Amino acid sequence: MEFSNELLEQAHYWMRLTRAFDDRLDLLFKQGKLVGGLFSQRGHEAISVGAALALGPDDVITPMHRDLGAYFARGMTPARLMSQYMGRATGPSGGRDANLHGCGDLSLGIVGFVSHIPQSTPVAVGMAHAFKLKREPRVALNFFGDGGSSEGLIHEALNWASLYQLPVVFIVENNQYAYSTPTKNQMRMPDIAARAAGYGMSGVVIDGNDFFAVHKTTKEAVERARGGDGPALLECKTMRMRGHAIHDNMSYVPKELLAEWEPRDPLLLFEKRLREMNLLDDVKQNELLTRIEREIDAAQAFAENAPMPDPSKLTEGIFAE
Amino acid sequence: MEFSNELLEQAHYWMRLTRAFDDRLDLLFKQGKLVGGLFSQRGHEAISVGAALALGPDDVITPMHRDLGAYFARGMTPARLMSQYMGRATGPSGGRDANLHGCGDLSLGIVGFVSHIPQSTPVAVGMAHAFKLKREPRVALNFFGDGGSSEGLIHEALNWASLYQLPVVFIVENNQYAYSTPTKNQMRMPDIAARAAGYGMSGVVIDGNDFFAVHKTTKEAVERARGGDGPALLECKTMRMRGHAIHDNMSYVPKELLAEWEPRDPLLLFEKRLREMNLLDDVKQNELLTRIEREIDAAQAFAENAPMPDPSKLTEGIFAE
Amino acid sequence: MTWDSIIPRETKNEISRSARNDIAREDNARELTYLEAIRDALQYEMRRDPRGLVMGEDVGVFGGAFKLTQGLFEEFGEERVIDTPMSELCMVGAATGMAFMGLRPVVEMQFADFISTGFDSIVQFAATNHYRWGAPVPWVIRAPSGGGLRGGPFHSQNPEAWFVHAPGLKVVAPATPADARGLLLSALRDPNPVIYFEYKALYRSIRGNVPEGEEGIVPIGRAKTARAGNDLSIITYGAPLHEALKAADELARENVSVEILDLRSLKPLDTDAILETARKTSKVMIVHEANLTCGVGAEIAALISQHAFEFLDAPIVRLAAPDIPPPYAPILEDASRPNKEKILQAAKKLLAY
Amino acid sequence: MTWDSIIPRETKNEISRSARNDIAREDNARELTYLEAIRDALQYEMRRDPRGLVMGEDVGVFGGAFKLTQGLFEEFGEERVIDTPMSELCMVGAATGMAFMGLRPVVEMQFADFISTGFDSIVQFAATNHYRWGAPVPWVIRAPSGGGLRGGPFHSQNPEAWFVHAPGLKVVAPATPADARGLLLSALRDPNPVIYFEYKALYRSIRGNVPEGEEGIVPIGRAKTARAGNDLSIITYGAPLHEALKAADELARENVSVEILDLRSLKPLDTDAILETARKTSKVMIVHEANLTCGVGAEIAALISQHAFEFLDAPIVRLAAPDIPPPYAPILEDASRPNKEKILQAAKKLLAY
Ligand SMILES: Cc1ncc(C[n+]2csc(CCOP(=O)(O)OP(=O)(O)O)c2C)c(N)n1
Ligand SMILES: Cc1ncc(C[n+]2csc(CCOP(=O)(O)OP(=O)(O)O)c2C)c(N)n1
Ligand SMILES: [Mg+2]
Ligand SMILES: [Mg+2]
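Residue numbers (my numbering), protein chains in the order written: chain A, 1 to 321; chain B, 1 to 321; chain C, 1 to 353; chain D, 1 to 353.
Some hints could be false.
Per label pair, the in silico range of CB-to-CB distance [said to hold, decoys possible]:
#1 M308(B) - R48(C): 48 to 54 Å
#2 A352(D) - P307(A): 34 to 40 Å
#3 P268(D) - M308(B): 27 to 33 Å
#4 P190(A) - K342(D): 50 to 56 Å
#5 E341(D) - Y353(C): 36 to 42 Å
#6 T225(C) - F311(D): 30 to 36 Å
#7 P219(D) - Y353(C): 30 to 36 Å
#8 K342(C) - E262(B): 50 to 56 Å
Example chain D residues on the side facing chain B (calculated, C-beta under 10 Å, incomplete) [unchecked claim]:
#9 L53
#10 T84
#11 P85
#12 E88
#13 L89
#14 A95
#15 M98
#16 F100
#17 G102
#18 S121
#19 W133
#20 A135
#21 P138
#22 D190
Everything labelled a hint here was simulated from the structure, so no lab data went into it. Quantities reported herein were computed from a predicted structural model and do not represent experimental measurements. Glycine is no exception: its CB is placed at the ideal position from the N, C-alpha and C atoms.
Isolated chain A, as found in the complex (with noise of 0.2 Å):
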């Protein structure tokens, strides 16, 4: 497969993007000027940009809570994603819903999660199924990770999308962590798509911090998936690098284990490669760098002035008219 130079500087973008959007928002929590609590985007950006550019416009995405990358690339902008995280009346909640939860936009695709892990997968797979029967050629992708694997809404949804054949790809976010609880903790096997077989159902195992593999492979599973062949079941290996959550200083991640992956971060890797295309350089990324700053102080600069909900309409909208 080919990446463009367009592709590839789309996503450069998206992932620094989410990485600095992502310090950005650690920042502000500090200085408290976000509601509620915080998940670190750290070590997930080539996963949730890689696989969302897989997609066509008309696609649809199930992302989960570490998928920042993906909103941004479905197209969600950082003025409404940051008034989302301040619980302002202009993020797609309205301030009704918690951070990324419910941060939802059907015209770009993307549906709002709810923090019952993993209900968005069975919605993936109804979109898809959705699409088979209105022979619309349309993908649903759909994130979860290595804890929400052990929830039996899993197991249904890919039965039911393996025996309908949808078109739909699950990506599997595993970071060796559900909080604090390690994958050995949840599970005997090393490899989640290991199970895909027992469904008749392509498993692959990607490198989640190459932006490349997992790209590449969830390009193909989509295109094969669109063409009719069903879906496929993509693990992608990464490590959580932040605490579960802002409050949370994992204490129970060994150091050595982080020390590992410290160098393998997905910005580094996939900058790296760009450097030896000879398509980034110092310039490039200063001037990129500079670029995301002044957006991400526009965005908050927006959601900062941006109208608190209306507690006079507490109740509207329960029902749709």
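Once you have looked at the hints, place chains B, C and D with the ligands on chain A.
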């Protein structure tokens, strides 16, 4: 493995009792003497009896609705079971639960099931977990169907059992149908046992109409589990030889499929083997059948004369004291 | 497990394929049974709206555990009448996904009792979605409910209160063939997730005139005065309506005039109609099949005791199942369900207050 | 997802291993926080009864999302403090199996909101088991509930009414450290499945004297008069108790004497105590954090309007969350929850009636 004559004689008795009791239930239903619906056991005798006889007295089972033979083999008497089907005070549920539902007795190591399939499976897993924690050399045997295998809970339970390496054995009774739905409309792959690999568990496909195969394989798995080697998933292939329940004429089952399975009746196969081994002749067979009819007559008489539940105690026992 | 011994032998046979064009009717009148009225609404709407589809366990080839969907598979094919694996939770989630992508799925729970298996996706995802980010979830779950059929603890449940309590769902519970059709049509066109409770005991035991076409659509949220009266209000819904009507007939012979309000919709509740009848008769009895504590009856009593307090001449009485699973033995089941006799007894006590 | 920003920074650090013998206390007084009282009950009972064990997501090594189980893993080891996979449904079913085999499992739901994921096994299997075939199911599910922490729709829920409605469960909801310990000890020794709702907002915000050892066990099913009074009864439970107490203080300054009944147990309800306070003051307000419709407040209003009707001088008023998911933005969340001001306002209206 050796099959002692005593074991084979027992097995013969339980399987014939199951068949005859089932036939009697059919008759009683048509006479309007039973309450509610009725599930036929025909085709499942070798599985329920063969697997249950692989256990020791301290082991436990969580049967499903086609495991009448396992109830017998664990020591539940025909009189109690007949009472249960007639909704009498003398049944294990005292007229509160329907047919084999809620037909439990912990002193016999039998857990009564609920309709909600496969809710018994994690209960078996929990019992096995208790055995492991208490260092008791006991095993839990769980039964579920091809239909039940699509419920998410099965995945959670298999993962849990394998993670903690618990002494539990799962028997899948794949009788080709879940109600009217053939397995090809439930799953893409032919073998449910193939899913075991994804959990690092051994998965075996067995001829469920062959008592010898069921018993031997279960026994081995049970003893391995008892020895600390963890769980196993045994898929017993059979055919449901009647409708889902008595009202169902199963017009949706191809005649040829039934014709194909008819000569493979588990009782015919078993008795043929017994005759080959010179353990059975016509005289013995007639004696057995006559004895069983008498026992069932007695059970029926007992149940018919048994008291109805007392409606003044309707709300008693909702809580244990 | 399942059975449908309540299907009378005559109707168990397949409906002749030639009756295809009008599969709702098991005979030739437009007087339909409750079950036929539901089927008619499904068929009518699926013909009108190509986005409609039905899915569930055994709803296709077999025509459903109660033969309610019989004929739909033949008419609409396996893509719009889907025999699913046993996966209630995925089924609900998939319905939500289908609804997002412009379809109008109807999920049949084989029995209302099994709706607890799909609970999480109903109450957490579908119910809250529009409030949270504005995407409507137009699906319907059909839930065959209620007892009286010797189904025991897992084929007789009335779980509506869980869904009335959970924010974001509409909940309906028709008691007559006309309302069954009229409310199902409304549910099918509603942009919100609707839980449609239907009563197995009524399937073939009651018939009534059922309008055709666009006639007879019953708006969600509107109760109906099933009988006007002055001395006492009985507020009820679902199968017990018919017991209440019988009791009212008997009381009429004793010159007592009973008003019966059939709620039909449980969420939103028709608060106006509830308060109006309470204000009118000043004596209220609430009857339902579901367990007493925190049931819908509790909510109605609370509404009245808050908003029609001055008008009350007597305590508000509730008749419901005690807080036990529905028992199996006929003698126990009968003791546990509200029926004409119990209504009469309670009514007389209330009238004498 | 989860967070515990409500854990004040100071207490976030690990409790020193040397404090092992008395892990309940985060300082040295026997005045404990609400959270410490719960931990104390777990520790005390697990020391006393070797059958006790705790399981859930992150309850072991990590000490739980709220650090509530901190220290238990170190003391009791990985077999009795089990870090499970994310599998709430299996967890509940496994707890039932363990209970059958003589253990006394406590399941921690990471947040009460996730109890819906284990719902089926709770309401269908465990709850009905003793009624159906006589085998007791002695387990406890701990469910950290309630809002006020900016947790949004999925970390702020109050789902108790579902379980109060489902037959066969005991349900408790302590509001003070002493009751938290006392009711947990009762729950741990009860032969029935008990859902134990605990209030995240109270974890570290309230402290109180908590008895030791076998002292201070609070029987399930008994309400407590949190404040005696004559003019008005406020019936409540859980976190809003503290708002009600504040409101009563203010009203006392205006010479209004408010009686506050803290239910503590929601199933069985202490009907006697409820009716008694209603009969005493003749004016009743019910306050809870859960959604209004078909909530526990509805049941209490219904009980009073049926059994204490003659004593009432005013409508029964309910204050609860509207029927929406708990919203995230502070301005919305605050608007949705009952608080001192809303209680005061409603109380004044009721007093003036
Ligand atoms: C059904 C359910 N149970 C528990 C939780 C609480 N919880 C939130 S995130 C999380 C861990 C998720 O792990 P994983 O799926 O691996 O995603 P990660 O956070 O590691 O990216 C848990 C236990 C939840 N959100 N949903
Ligand atoms: C959760 C749940 N959904 C639906 C049903 C209704 N039901 C009862 S038995 C059955 C089919 C079961 O098939 P299988 O597990 O293969 O067992 P079999 O009857 O074939 O022996 C169905 C759908 C149920 N009991 N539980
Ligand atoms: Mg993870
Ligand atoms: Mg089967």
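Hints versus structure:
no., hint, result
1, M308(B) - R48(C): 48 to 54 Å, "holds (51 Å)"
2, A352(D) - P307(A): 34 to 40 Å, "holds (36 Å)"
3, P268(D) - M308(B): 27 to 33 Å, "holds (28 Å)"
4, P190(A) - K342(D): 50 to 56 Å, "holds (54 Å)"
5, E341(D) - Y353(C): 36 to 42 Å, "holds (39 Å)"
6, T225(C) - F311(D): 30 to 36 Å, "holds (31 Å)"
7, P219(D) - Y353(C): 30 to 36 Å, "holds (35 Å)"
8, K342(C) - E262(B): 50 to 56 Å, "holds (51 Å)"
9, L53, "holds (7 Å)"
10, T84, "holds (8 Å)"
11, P85, "holds (6 Å)"
12, E88, "holds (9 Å)"
13, L89, "holds (5 Å)"
14, A95, "holds (6 Å)"
15, M98, "holds (5 Å)"
16, F100, "holds (6 Å)"
17, G102, "holds (7 Å)"
18, S121, "holds (6 Å)"
19, W133, "holds (4 Å)"
20, A135, "holds (5 Å)"
21, P138, "holds (8 Å)"
22, D190, "holds (8 Å)"
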